[in-house]
Amino acid sequence: MTSVDSVPTPGAALVRRPGSVRFLWLLAVVAALGLLMAASVAIGSRGVGWSDILAALGGSSETIEEAAVTKRIPRTVLAVVVGGALGLAGAVMQGVTRNPLADPGVLGINMGASLAVVAGIAWFGLFSATSIIVTAIFGAALAAVFVYAVGSLGRGGPTPLKLALAGAATSAALTSFITAIVLPRGDIAANVQSFQVGGVGGATFATITPVLPFLAVGLVISLLSARSLNSLALGDELAAGLGERVALARGVAALGSVLLCGAATAVAGPIWFVGLVVPHLCRLLVGVDHRWLLPFSALTGACLLVASDVIGRIVARPGELDVGIVTALVGAPFFIAVVRRQKVREL
Amino acid sequence: MTATHSLAAEELTLAYGERLVIEGLDLVVPAGSITAIVGANACGKSTLLRSMSRLLSPRAGRVLLDGKAVHRMPAKELARTLGLLPQSPIAPEGITVADLVGRGRHPYQGVFSRWSREDDAAVAAALEATQTTTLADRAVDELSGGQRQRVWIAMALAQQTDLLLLDEPTTFLDVAHQVEVLDLLTDLNRTRGTTIVMVLHDLNLAARYADHLVALAAGQIHAAGTPAQVLTEDCVRAVFGLDSRVIEDPTSGAPLMLPLGRHHVDTPAEVSPRG
Amino acid sequence: MTAVVPPPAATVDAVARNRVRRSVRRRLVITVLAVLVAAAFVVTLMVGRTFYPLDEVVRVVLGERVPGASFTVGRLRLPRGVLALVAGLAFGLAGVTFQTMLRNPLASPDVIGITSGAGAAAVFGIVILSLGGTAVSTVAVAAALGVALVIYLLSFRGGVAGTRLILIGIGVGAMLNSVTSYVLTRAGQWDYQEALRWLTGSLNGATWEAVAPALVALLVLGPVLLGQSRNLSALQLGDDTAAALGVRVERTRLIAIVCAVGVIAFATAACGPIAFVSFLAGPIAARIVGPNGSLLVPAALVGALLVLVADLVGQFALDTRYPVGVITGVLGAPYLIYLIIRTNRAGGSL
Numbered sequence: 001m002t003s004v005d006s007v008p009t010p011g012a013a014l015v016r017r018p019g020s021v022r023f024l025w026l027l028a029v030v031a032a033l034g035l036l037m038a039a040s041v042a043i044g045s046r047g048v049g050w051s052d053i054l055a056a057l058g059g060s061s062e063t064i065e066e067a068a069v070t071k072r073i074p075r076t077v078l079a080v081v082v083g084g085a086l087g088l089a090g091a092v093m094q095g096v097t098r099n100p101l102a103d104p105g106v107l108g109i110n111m112g113a114s115l116a117v118v119a120g121i122a123w124f125g126l127f128s129a130t131s132i133i134v135t136a137i138f139g140a141a142l143a144a145v146f147v148y149a150v151g152s153l154g155r156g157g158p159t160p161l162k163l164a165l166a167g168a169a170t171s172a173a174l175t176s177f178i179t180a181i182v183l184p185r186g187d188i189a190a191n192v193q194s195f196q197v198g199g200v201g202g203a204t205f206a207t208i209t210p211v212l213p214f215l216a217v218g219l220v221i222s223l224l225s226a227r228s229l230n231s232l233a234l235g236d237e238l239a240a241g242l243g244e245r246v247a248l249a250r251g252v253a254a255l256g257s258v259l260l261c262g263a264a265t266a267v268a269g270p271i272w273f274v275g276l277v278v279p280h281l282c283r284l285l286v287g288v289d290h291r292w293l294l295p296f297s298a299l300t301g302a303c304l305l306v307a308s309d310v311i312g313r314i315v316a317r318p319g320e321l322d323v324g325i326v327t328a329l330v331g332a333p334f335f336i337a338v339v340r341r342q343k344v345r346e347l
Numbered sequence: 001m002t003a004t005h006s007l008a009a010e011e012l013t014l015a016y017g018e019r020l021v022i023e024g025l026d027l028v029v030p031a032g033s034i035t036a037i038v039g040a041n042a043c044g045k046s047t048l049l050r051s052m053s054r055l056l057s058p059r060a061g062r063v064l065l066d067g068k069a070v071h072r073m074p075a076k077e078l079a080r081t082l083g084l085l086p087q088s089p090i091a092p093e094g095i096t097v098a099d100l101v102g103r104g105r106h107p108y109q110g111v112f113s114r115w116s117r118e119d120d121a122a123v124a125a126a127l128e129a130t131q132t133t134t135l136a137d138r139a140v141d142e143l144s145g146g147q148r149q150r151v152w153i154a155m156a157l158a159q160q161t162d163l164l165l166l167d168e169p170t171t172f173l174d175v176a177h178q179v180e181v182l183d184l185l186t187d188l189n190r191t192r193g194t195t196i197v198m199v200l201h202d203l204n205l206a207a208r209y210a211d212h213l214v215a216l217a218a219g220q221i222h223a224a225g226t227p228a229q230v231l232t233e234d235c236v237r238a239v240f241g242l243d244s245r246v247i248e249d250p251t252s253g254a255p256l257m258l259p260l261g262r263h264h265v266d267t268p269a270e271v272s273p274r275g
Numbered sequence: 001m002t003a004v005v006p007p008p009a010a011t012v013d014a015v016a017r018n019r020v021r022r023s024v025r026r027r028l029v030i031t032v033l034a035v036l037v038a039a040a041f042v043v044t045l046m047v048g049r050t051f052y053p054l055d056e057v058v059r060v061v062l063g064e065r066v067p068g069a070s071f072t073v074g075r076l077r078l079p080r081g082v083l084a085l086v087a088g089l090a091f092g093l094a095g096v097t098f099q100t101m102l103r104n105p106l107a108s109p110d111v112i113g114i115t116s117g118a119g120a121a122a123v124f125g126i127v128i129l130s131l132g133g134t135a136v137s138t139v140a141v142a143a144a145l146g147v148a149l150v151i152y153l154l155s156f157r158g159g160v161a162g163t164r165l166i167l168i169g170i171g172v173g174a175m176l177n178s179v180t181s182y183v184l185t186r187a188g189q190w191d192y193q194e195a196l197r198w199l200t201g202s203l204n205g206a207t208w209e210a211v212a213p214a215l216v217a218l219l220v221l222g223p224v225l226l227g228q229s230r231n232l233s234a235l236q237l238g239d240d241t242a243a244a245l246g247v248r249v250e251r252t253r254l255i256a257i258v259c260a261v262g263v264i265a266f267a268t269a270a271c272g273p274i275a276f277v278s279f280l281a282g283p284i285a286a287r288i289v290g291p292n293g294s295l296l297v298p299a300a301l302v303g304a305l306l307v308l309v310a311d312l313v314g315q316f317a318l319d320t321r322y323p324v325g326v327i328t329g330v331l332g333a334p335y336l337i338y339l340i341i342r343t344n345r346a347g348g349s350l
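Same order as they appear, the protein sequences are chains A, B and C. UniProt numbering numbers the first residue of the first sequence as 1 and each following residue consecutively. UniProt numbering numbers the first residue of the second sequence as 1 and each following residue consecutively. UniProt numbering numbers the first residue of the third sequence as 1 and each following residue consecutively.
Don't read these hints as lab results, they were simulated from the structure. All residues carry an ideal CB built from backbone N, CA and C; glycine is no exception. Just to be clear, a hint being listed does not mean it is correct.
Taking CB as the label site, the calculated pair distances span [to be verified]:
hint, chain 1, residue 1, chain 2, residue 2, range
1, B, Glu18, A, Ser152, 39 to 45 Å
2, B, His201, A, Val217, 57 to 63 Å
3, A, Ser152, B, Gly241, 41 to 47 Å
4, A, Leu224, B, Asn41, 45 to 51 Å
5, C, Phe316, B, Ser113, 45 to 51 Å
6, B, Thr4, C, Arg17, 32 to 38 Å
7, A, Val21, B, His201, 46 to 52 Å
8, C, Leu318, A, Ala42, 45 to 51 Å
9, A, Arg245, C, Ser23, 57 to 63 Å
10, A, Val30, B, Ala218, 53 to 59 Å
Build out the structure end to end from the sequences listed, making use of the hints.
Dropping the structure here:
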């Protein structure tokens with residue numbers, strides 16, 4: 001059974017960060033996000049000058065360069081929104097499951113959202129943005145409940161190994177089902193390809209706007225759960241002893257993270273490892289207090305996804321690399337490092 | 001056949017990575033008797049046993065079986081003379097008792113050789129000796145802890161070795177089953193002359209059942225000899241850092257160690273200062 | 001040494017009967033499986049857009065010239081059928097070798113990323129380096145061995161723990177699959193069918209040139225693996241017990257890893273990593289055979305049967321033609337989940 005000592009950075013857990021240090025880190029992360037967003041608008045497969053960028057930000061899209069920049073602005077916004085949602089969702093999930101390997105991708109929750117959307121498009125002719133988002137959230141919730149239930153069976157509750165295996169197996173199963181649904185439907189293949197590899201290319205403000213209310217609700221619920229997550233980190237029994245209503249607290253926090261990753265998947269497709277990497281980095285920066293950890297994870301997640309998107313545009317010139325592939329390449333070594341740090345007993 | 005094989009360690013130094021566990025240890029195992037190795041946690045008991053059965057190569061020194069270094073002997077030849085039961089052996093899911101005991105015949109089989117009547121007889125003898133014949137068709141995972149330990153000993157017996165090394169054969173067993181297993185090992189020693197070397201946790205059971213007791217402390221032999229020679233109040237203090245009273249066991253005459261804590265002892269002051 | 005008191009003859013007879021009963025069951029299962037595999041293979045050659053009766057198929061296989069059938073059966077269906085057979089045997093054999101050796105059914109080469117390594121290397125060789133035939137196989141084998149080594153080294157922290165190895169393998173697999181996607185997108189040839197071959201496995205377009213290396217690898221390395229079957233069975237009892245029984249543990253493990261990775265990498269280079277076959281074959285074989293001896297041969301046959309039948313289903317049983325890997329994936333993934341549920345309930349190691 002995992003307990004407090006399985007929080008992956010015991011060193012950080014012991015040190016209570018002074019507020020000023022946290023505040024400096026906060027400024028640093030916000031500044032990094034600003035720089036990355038600027039880079040994301042400026043850098044792409046086509047080189048542009050600063051005048052084009054300024055003109056495009058002013059709303060002009062007369063030259064090709066300005067038009068290119070105009071397309072990069074919503075894309076950057078989407079990367080910020082999705083990255084923030086996934087980072088926050090990952091932090092909440094790691095808190096809810098007390099499991100350092102929890103991630104919307106690793107646990108198969110993103111694939112649940114994808115399958116629901118693909119099935120909805122193929123069989124029920126889903127079209128409107130809102131119906132797709134709701135379907136995605138529904139699929140994410142089903143997958144989350146299923147994986148958690150399977151991973152919790154038996155001795156020791158949801159250990160990292162059992163949850164990760166249940167998630168990987170569920171992902172594999174869902175991927176197979178998606179393939180089986182898409183293959184005979186050449187007519188919708190282009191529509192659903194984005195639900196197989198995650199990416200933020202081709203975003204417009206029209207695709208982003210419908211998802212914002214769902215993300216806002218998820219954000220509020222998640223941030224409000226910070227205090228309960230701090231209690232849950234001590235183990236269910238101790239949390240109950242501290243007066244926490246464990247099942248309710250866990251359910252509410254899980255709802256918040258499912259809303260976030262379901263909605264994120266609805267607009268960007270399945271993206272792995274952002275939710276895994278970000279909370280671990282943030283624990284190093286600000287410690288294990290969820291009241292700090294959660295907002296930091298959102299900001300850092302946004303940074304990571306914007307950076308990954310920029311990298312994907314640079315390395316594959318003249319083409320582009322979907323951001324989902326970049327995060328998998330960056331995140332998998334991190335996942336392995338986290339596994340290596342765990343004691344076998346805790347797996 | 002009587003057990004005439006000799007087992008000894010010479011200048012043995014063992015290490016895991018950089019960490020030295022045993023340093024320059026000399027040990028002679030008396031043939032045909034029961035030897036128990038005792039000591040505090042992490043003093044190198046199991047490491048020593050693993051090295052004597054060649055699971056761990058020495059950093060320096062040798063383990064000698066009949067004067068030959070065990071780490072140079074062909075694996076199967078050694079396995080026909082010296083058997084080992086590790087602390088937590090693994091039973092594959094669903095395996096039956098007869099099948100598991102049959103696995104003990106591995107050192108007698110080549111890639112193409114077929115199972116012989118002799119193999120069946122060895123398995124039957126092992127089942128009889130451990131009183132597990134009636135369990136032969138049962139799955140190992142359904143058995144009780146004591147039964148399972150007897151089955152594992154049966155597997156080691158099917159190996160038909162004159163020397164048997166056991167790493168904590170009584171862990172996870174309740175006291176009745178501990179005594180049952182130790183009685184069984186004593187039977188084997190008395191009727192077949194099998195030389196037995198085991199690591200034991202319980203000092204008093206070790207003193208009762210061993211002919212020869214070896215106390216390890218910090219990778220060195222602190223004392224070796226008959227239980228009466230080895231199990232003294234001074235030895236317990238040196239090896240375990242525990243104050244104790246050692247009396248004669250009224251049932252067997254072996255030494256019996258009674259720990260002295262800080263409470264519930266009538267005259268602790270009288271006992272503790274003595275060197 | 002012989003026992004001082006010879007065991008009662010009745011007990012010896014009982015032990016012998018018990019043993020014979022177990023080996024009879026195992027042999028029976030192997031025979032039935034072999035017959036089924038042969039039948040599925042022949043059906044693969046017979047059915048298709050044109051149906052050819054058994055006698056024509058047999059004549060073609062024996063080298064006779066039969067108008068029509070010689071081309072369709074001899075040039076199209078036979079390579080496909082042989083590839084299905086070879087790949088199934090290879091995946092089954094290699095999978096159960098890993099599962100036995102690591103004492104965990106989840107530790108099959110497809111779950112722990114080794115097959116993904118072979119697949120990623122094959123795609124890289126074909127798309128980026130424009131390799132073909134034997135060169136692709138060579139790259140795939142080298143990559144699979146490399147991935148196996150990397151996973152082993154990464155899991156090593158004062159001894160390899162099975163759980164750590166599986167989790168690290170999952171991570172490595174995720175990374176390699178994204179490499180495959182990357183190479184396929186980067187080449188600007190995102191052809192969905194071609195992508196599917198390298199992500200889930202497909203027998204479409206099998207040629208003798210592709211089949212030959214896989215067949216040779218199986219014929220050379222398969223027997224070596226079978227020769228290790230007793231040592232592998234002993235490894236199931238734990239490394240210490242196996243060593244005490246006279247098994248040279250590290251040597252056995254090295255031979256088994258090299259041979260298993262070899263057969264699976266050659267097969268993957270020919271038809272992609274057919275999803276879940278190497279994971280499924282062992283547990284299914286264990287179910288049928290029971291705890292009655294080595295699973296290597298039964299699992300290889302189950303693997304071949306799975307691939308042959310799944311390919312028939314994918315080609316003919318449904319409205320759309322599915323590549324074989326989609327069928328095995330849809331069948332295999334729920335079984336994987338079932339296995340996890342069952343294991344978690346029992347609370348033991350797998």
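>> Tell me the numbers of any earlier hints that the structure contravenes, in ascending order.
In response: Checked against the structure, no hint fails, so every one of them is satisfied.
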